[in-house]
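Engineer: Chains as they are written, first to last, in this note's numbering: chain A, 22 to 342; chain B, 475 to 841.
You may find that some hints are simply not true.
As the list claims (entries may be wrong) - Here are the computed lysine-lysine pairs in the BS3-like style, where the Cα-Cα straight-line distance is at most 27 Å:
| no. | chain 1 | residue 1 | chain 2 | residue 2 |
| --- | --- | --- | --- | --- |
| 1 | B | Lys799 | B | Lys809 |
| 2 | B | Lys799 | A | Lys325 |
| 3 | B | Lys770 | B | Lys799 |
| 4 | A | Lys325 | B | Lys770 |
Unchecked claim - To be clear about the criterion: a stretch of chain A counts as covered by chain B if any three or more of its residues have a C-beta under 8 Å from a C-beta of chain B, and this derived list gives those stretches:
| no. | region |
| --- | --- |
| 5 | 37 to 50 |
| 6 | 278 to 286 |
The hints are simulated quantities; they were obtained by calculation from the structure and are not laboratory data. No residue lacks a Cβ here, since even glycine has one placed at the ideal position from N, Cα and C.
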Amino acid sequence: MPPKSSIKSRLFDTARLLVVAGKGGVGKTTVTAALAVAAADSGHRVLVVTIDGRPGLARLLGASDGAGSTYEGDTIVSGRGPGRRGSIHLRTISAAEALQDYLGTQGLARLAKRLVSTGVVDVVASAAPGIDDLLVLGKIKHLVGLAGADGPHDLVIVDGPAAGHALSLLRSPQAMAETVRGGPLRSQAIEIRDMMRDSQKCRVVLVTLPETTPVNELLETSAVLTDEIGVALGPVVVNGVDHADEVEALVAAGGLAEGDLAEAARYRASRCAVHRREVARIDATSDEGYLELPYLTSGSVDHKAIRTLAHALLDQIGSAS
Amino acid sequence: MKASGFATLVDDASIIVCCGSGGVGKTTTAAALGLEAARRGRKVVVITIDPARRLADALGLADGLGNDPRRIELQADGELWAMMLDATQTFDDVVREHSRSAQQAQRILDNPFYKNVASRLSGSQEYMAAEKLYALDHDERFDLVVVDTPPSREALDFLRAPRKLSNFLDHRVYRWLMAPARGGLRVLNIAAQPILRTIGRVIGADVLADAIDFFQAFEGIESGFRDRAIAVEGLLRSDRTRYVVVASPRSDTIEEARFFIDELRTLTIAASGLVVNRLQPRFGSGTSAAARRDSKAAAEAGDHKAEVLLRNVAEIRKVAEAEEKAVAPLVSAAKGAAIARLYLRADDVHDMEAIASLGRDLLAATN
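Here chain B stands alone, though its shape is the one from the complex (with noise of 0.2 Å):
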């Protein structure tokens, strides 16, 4: 038997990316692959960018995941670690790292602009999980990353954060505001440019005095966050790093999927693996008009059981069809990749029990 393309990935990978819509079962795929590439003696960590309790809870970690890889207990010949990602802390630690003394790292924590940015809004948090994947590519104790991204439209972020990170630190209006402090100069006057004065205006001068304030604490150090911004995207870009898409038979997670391995495409990344997740499970191989026949002539020969019976698989079958009908383009534009489908259970993989038979299916899916 050829063997799966999910095997070959978690042998050959050093990062595999997970993505698609939330609630498709990005996490569990990323456990359920992590814990199989562990039992095929890889040192693998599993990083969650989302920060519900989940993978905690189906791992068995009472105590929770932090920014820090804990170990999983486990009998194989690799080792199995995870973490949740805490966007500001990754992003602390990143400033201390690239800061000239502490006084200059303490500047930038201590500002309310930089504080604002680092812990509260969203956007800062894709930087910092690519951030947190080259650290992790580069710790010797694991040779294989796991993460799973934001819901999907936001994993694009993931992807551009190094990029956006880089064009932003090379803007010109950045380079502006930097203008007054390569001259040695401490505080820029606003009033001095019209422009700043109407933004200041607008949006109140002291929010744009924090940023200034921000920007010169941070001169100096932004050519190490502009050259690890280049690092971390030549990582995500090289083929060491592999994409698995995964989505679910809804039609807005196929949707999302799609726009995933086309925006992959023109990044020219190719998708090298799709997880089709929760799809109706299969009784029998006939259609569901057939059964539904069925169900008629046995409720005109009197025979009620006979009828529910097959009047439930009608029904199972009917969604059945139209779930294949509707992935069936999604599982045309990842020509190429690894592909598995995965049937829904009585109830949702919340247990490692339930994680290590996914990762079972996962391998043994054979296109």
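Pulled out of the complex, with its shape left as it was, chain A reads as follows (with noise of 0.2 Å):
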């Protein structure tokens, strides 16, 4: 089993942000989802926010799709966990939405009509494209604000873009804070950059396979995240993996007649053994612990599946504790 770690069994209430990054194809929307629906599960009051609107993040979430596509989003499920408290919002941001609304709240929205209709903001963004970035980070950054018992939610998870570009996003910042002297923006920068460091408020939850290559691009991005970025991690979620206890005790007697069904339990077998293998290695190098998530020999994700990968974490959450 992994190992006791308070991070672990205080996931969803040791920040206000957890931030869910992985290279694509590892499942980081699957496992957004089953964070979502454990932190409902367990009493809590989700809001999710996609950056780049994956079309499938809504169903698994047991809404229609198109649900919660848009910039103010869909509560889409509620009434859950310990006092039928537990709920789930999702929204989708932009960063034109975001702009539009930042300028809002300055009092400069017809301003921002103009910038939008006139193509300018098209302009900003194709010349320093991390404007975008800073300008979607800087309202989550607003809504983790709204975070808190008397606030509209517990707890903000963010389905981050993919691996390289979540790496761009997460440093944006303080990029940022670097190139602009002064102003607004730099201040803004600042502001957000000194959220992203706060490990009370900010970690970036990293998502892998247990397999080679994913294993050593995670323990690069770690290094990165924390030693560059700054940013605290949470535990890292390890997704599809295998255990074939009888297979494997199988294959290790030997005495196997030769054929497919030989050959099938040795793939079997070798490709736990490959799991157990990276998972020790993650286990060994990361200080935040591990959950993991079960391969599913169903064949395919949908929100029945969520639920069952979301008891799978909440049990080994309560088992850290």
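Could you fit the two chains together into a complex? Lean on the hints.
Structural biologist: See below:
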């Protein structure tokens, strides 16, 4: 079993913002959905923010496609967990809308309209794409500021963009603070950076598969996040860990008659061995521990599968305390 | 036997662009295609845009890859070279190439706004990848360039970056900013333009001043950039460039691959190849339901060993069947392309031997 870790047992209370990150294909969106359901089932009011508007997320959360696809979003789960307090609100944030929103709060709504309609926003975004990232993070910071017992939600979970872009997203406040010598853009960048570096407020949850290359990349990414960007990590989520103990035992005992059955058993056992080795490698290097999600032999990920994964998470979070 | 579509592809193409989401094996597919092409006598350079060390490690380059191609030791008729894109370095080189004087180049390279755009931020990387592709295509050492793109939504930016840059240079806001410099006045009076004054209030006057200074320093070389951007776009759209879409059976990567095929089509480009990677291997020819039935029968007969072995096959087949169903629409969307199905190994591809074996499987695939 994963080692005990206090961060893990308080995962949903330790920070107000969890950014889920990982390279494409590791199941980042699946993990975002499972974390959100697990948090709601333990009585948290969760705001899930998606940046690139992945169509699958609403469906994984049990809603229909298109739910939560707007800037204001939709409440798609409610009445869960202790006191039926748990809920999930899903919203999709784009840079253009975040800019209009921001300028609106500065009393510049008319300017916002004009900037968008004349195409100035497009020009600024092509010249300095990091401004997009900063606008999105600025909105997320605002939403994190609202989190708390008296606010509309307790916890914000961000389904981050895929690997490389996630790093440039998280790096953008510091990059902007270094480039811009003064003015509101700089102070905004510094406030966002400081929020992201505050481990009471923000933790990055990295997702990986239990295979050599994804784990190598996970270790590199963790180092960049903590040493260079200065954000705190949450437990690593290892997705799709296969355990087939009985098959492994038969293979280890030897003497299987040659044929498809034996080949299938050897393939499965060797894959389980790779998974075990890679999980051990993560365990040895992660200070915050790890959570593992089982390999699904159902063959597809739907809302039912997400509930199974959420329960697996809650079992481990419970066992860590 | 009909020759594999991928054999024709590596024999005929001048440029192969591998696209798809991250984690589907794009980089290894690019390396495997490059390796096979080299075996068939071509002089190949593989560029990876992914800053991870994966390709370097897999190719056995202990010092890693840099912005200049390095030759891989190989027993082959052709040659295999590899490099990793350094967007900042490439951007600096392009600025130097197009500048009229060393002073002009330096003024641009020292500008804080330039440093931000060139080295830190995402969009410029796609344009620089396209730019590097163009340069390598004109490099006489190579007759085939194989490139992996960033994860697919950004891969589209890679195709559109040249257009985006030339549109930007033609945009009237850019022309406004440039106007005073054209008139010989070196300092633009921000206060004189109400919209600039307001933008300055929001983003900070010095950001705007840096940006304007950058554009003014850029004056006169933007036409070089624009011409190049148009040439790069022409190259990416010509039939010398072939696109290989890579997917794994996960629903999100399938969605991305279909999105990519559709987007290519809107650019009137057809995907030449589809690689479906990481499929569950097949054991025997029956269905999962049949294996599950046999497993239950074995349990009733008290044969625990057969029960476990058959249940294992049932579980593997169940996943394989779901994958086949998920992949089917993608395969029909890629009609006309060479299609290869590659099966999962116990561990992922992370050394030269595995890349070579992947390459052989790719070339052996006959839809």
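Engineer: Of all the hints numbered above, which does this structure not satisfy? Sort the numbers upward.
Structural biologist: none
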